[in-house]
Amino acid sequence: MNEQKLYTVTIYSENNIGLLNRISAIFQRRHINVESINISTSEIENVSKWTIMVWLTEERMKKIIGQIDKQVEVIKAFYHPEDETIYQESCLFKIKSDLLFEERQIQNIIKESSARIVTVNRDFFVIEKSGRKDEIDLLHRELSVFGVMQFTRSGRIAVTKDEMKISTMLKALQH
Amino acid sequence: MKEVQTLENNIAVLNQTERISGSEAIIKCLLAEGVEILYGYPGGAIMPVYDELYKYQDKIHHVLTRHEQCAAHAAQGYARISGKVGVAIATSGPGATNLITGIADAQIDSTPLVCITGQVGSHLLGSDAFQETDIVGISTPVTKWNHQITKASEIPEVLAKAFYIAKSGRPGPVLIDITKDAQFEQFDFQYKKCTSVRSYKPVPDTDEKTINAAADLINNAKKPFIIWGQGIILGQAENILKSVIEKTGIPAAWTILGASAIPTSHPLNVGMVGMHGNYAPNVLTNECDVLIAIGMRFDDRVTGNLQTYAKQAKIIHFEIDPAEVDKNVKTDVAVLGDAKQSLTKLLPLLFNNSHPEWVQKFKDLYKIEYEEVIKNDLHPTKEGLTMGEVLKEINQQTKGNAAIVSDVGQHQMIACRYANFNITKSNITSGGLGTMGFALPAAIGAKMAAPERDVIAIIGDGGYQMTIQELGTIFQQRVPVKIVVLNNEFLGMVRQWQQLFFERRYASTEMVNPDFVAIAKGYQIEAQKVTKREDLATAVKEMMQCDGPYFLEVLVEKEDNVFPMIPTGASVSDIRLG
Ligand SMILES: Cc1ncc(C[n+]2csc(CCOP(=O)(O)OP(=O)(O)O)c2C)c(N)n1
Chain A
0 MNEQKLYTVT IYSENNIGLL NRISAIFQRR HINVESINIS TSEIENVSKW
50 TIMVWLTEER MKKIIGQIDK QVEVIKAFYH PEDETIYQES CLFKIKSDLL
100 FEERQIQNII KESSARIVTV NRDFFVIEKS GRKDEIDLLH RELSVFGVMQ
150 FTRSGRIAVT KDEMKISTML KALQH
Chain Y
0 MKEVQTLENN IAVLNQTERI SGSEAIIKCL LAEGVEILYG YPGGAIMPVY
50 DELYKYQDKI HHVLTRHEQC AAHAAQGYAR ISGKVGVAIA TSGPGATNLI
100 TGIADAQIDS TPLVCITGQV GSHLLGSDAF QETDIVGIST PVTKWNHQIT
150 KASEIPEVLA KAFYIAKSGR PGPVLIDITK DAQFEQFDFQ YKKCTSVRSY
200 KPVPDTDEKT INAAADLINN AKKPFIIWGQ GIILGQAENI LKSVIEKTGI
250 PAAWTILGAS AIPTSHPLNV GMVGMHGNYA PNVLTNECDV LIAIGMRFDD
300 RVTGNLQTYA KQAKIIHFEI DPAEVDKNVK TDVAVLGDAK QSLTKLLPLL
350 FNNSHPEWVQ KFKDLYKIEY EEVIKNDLHP TKEGLTMGEV LKEINQQTKG
400 NAAIVSDVGQ HQMIACRYAN FNITKSNITS GGLGTMGFAL PAAIGAKMAA
450 PERDVIAIIG DGGYQMTIQE LGTIFQQRVP VKIVVLNNEF LGMVRQWQQL
500 FFERRYASTE MVNPDFVAIA KGYQIEAQKV TKREDLATAV KEMMQCDGPY
550 FLEVLVEKED NVFPMIPTGA SVSDIRLG
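Protein sequences appear in the order of chains A and Y. At the far end of the first sequence sits residue 174, using numbering that gives the first Met the number 0, and the numbering has no gaps. At the far end of the second sequence sits residue 577, using numbering that gives the first Met the number 0, and the numbering has no gaps.
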């Protein structure tokens, strides 16, 4: 209960200006640093889905979920430990094109990690990889040896193994 | 006060569609919500609305306060005494930021407010235009909900939603920011009240099983103890709480915001919990076997050290806000839902009972508190006047029927400890935020909402000077509030801490005060100053008999301390009597 874990916070909300500010204030006020945040459309029309990654004890996590859930424009908030979600992150590497031909090893790394070459031109090439965090970390480490011009990684997106009872809930709300 | 419109009348008028400006629509929305009085201050970005207020002045009464903070506090006082939504209005920029203290106060004390601010034209948003400020961003952490309107057509729906959200569930402040072009824009107006918002569940469902579990615990308890909070008042659950207390014979204490929900004189009312609460309920919190918390949130000023708070007891928490459950104190049974409904279901499951030995313990500890503290506060033998004896005099003359609006500091604790209350919603004070300067404007709002009641503001010489300019509002509006300043020539509560915890280093707490009586008289408010015990009773009498507003300054002992006291971080049962 008192040990920190990486939790996936999933929020279903209205798509309104200002809610991002309201949600981030909940974390900021309690001096909590968020690992990543992603907001997109969800499986339900006109409902946004947020995926926020955060390190917390379960006790604190529960309280924060309560604070999020009580915001007027939040339909429902959930939290899950890593093993209850299926998730992906995605990343981009920009690398000097010379290296692709000079360093054979790079081609092997790309192949073995099942990364994808997005574009190649005379100066640089860009590879993309989606996967779990450790896979991306590994690829990052391996490529860093040769020099990376730019690297970026997306926030995590996740679905839960269990059903989200949100659609039934929404029907009940629409009286 | 102006002609009173009935809600039905107002809504009937509004049922047709008509082409009007956004600013006129704002007034029509307020009328449809039954608003009769609002508090505010004009300025550039809200001028179209003020122009409509001018045209509608026979239907809606705008009170010009002398500072926007006080417009918010006045709206709070109005809401707290009436249970209705208070409305405050201000211009953009400094007008809007001046509201923030009042909004933050309303947020932490769950007071329903709708605040309307003007904003620069929508084409100027984000350009650092004159008096532009991101008030939606600034107010986000201190509002239950907020929204910016940039088109007139949004006004009816958003304002309807604002009133619904402010008032329903756990109440709170809502801020609506309206750009100037939206105020000018013409549109087809029609009003519909808001009755639900899809993403918002004001009252959580109550699980019957939790009510049964609560009843079981209560019926089997040997030393049960109730602590109620403002949830009883907000949920209009005073009568049902009284029935629960009387049927079960359970001693019951209150948090500062719960005061007045059950009359002070009730034999099972055992006083206030918390830092300067009564001795018995604090000590016995750590001795009860079942603690029944109703509509309260275990604030740190109530619990002291959480590690040693009621560890021996099973804890039942009746609560409307699920985020409050297990937030500070781990509960054994949480009954979610509206207090009135939950207690109504609980009552028939409870046994008729009494706990004479347990209740006797409260009486015994009261005797100790009386000897050590209360006697000296109320019947002092030393020369200087005490704050307590002023409250005692007010109690005697008002028979406990007045509404007491207190500011923040020693006088607040004394007022809440000693004021007698017969009527609910009679203790209006800034609990959660502890905002000095609250009382004078809040008393204005309270008196205007309940003109038939005596409203007495109890204020320190420090807090009085934070919003003293509201004497101007009292003067202009002829609001017959009674103002009592308990002058100890110190920021007393801070001085007390300096004495107890900082070895009497009185850094910047001594006050050199002006002639308060002369200032009041400058506003043509009748005023007097009492420095001797023998003059107190007549002065209070004169104040209560005065038809208009009245200012009474009482010079009290400079270095008195408020006891009992739970020092910060100490356990409730380690409360000190001196
Ligand atoms: C706006 C604000 N500033 C500062 C404080 C801190 N504070 C709490 S009590 C107090 C002293 C109040 O003095 P006074 O109004 O004279 O009342 P007394 O304690 O003497 O009765 C102060 C400065 C506060 N609560 N609110």
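Misleading hints may appear alongside valid ones.
Unchecked claim - Derived DEER-like restraints, expressed as beta-carbon distance ranges: (1) Y:E17 x A:Q3: 58 to 64 Å; (2) A:S35 x Y:R503: 50 to 56 Å; (3) A:I31 x Y:H122: 33 to 39 Å.
If you're looking for bench data, these hints aren't it; they were derived computationally from the structure. Ideal Cβ positions, reconstructed from N, Cα and C, are used throughout, including at glycine.
Hint by hint, here is what the structure shows:
1. Between E17 (chain Y) and Q3 (chain A), the C-beta spacing of about 59 Å keeps the proposed range 58 to 64 Å intact.
2. The hinted window of 50 to 56 Å between S35 (chain A) and R503 (chain Y) holds, with their beta carbons roughly 52 Å apart.
3. Evaluation of the 33 to 39 Å hint for I31 (chain A) and H122 (chain Y) yields a pass: the beta carbon distance comes to about 37 Å.
Violated hints are absent here; each numbered hint is respected by the structure.
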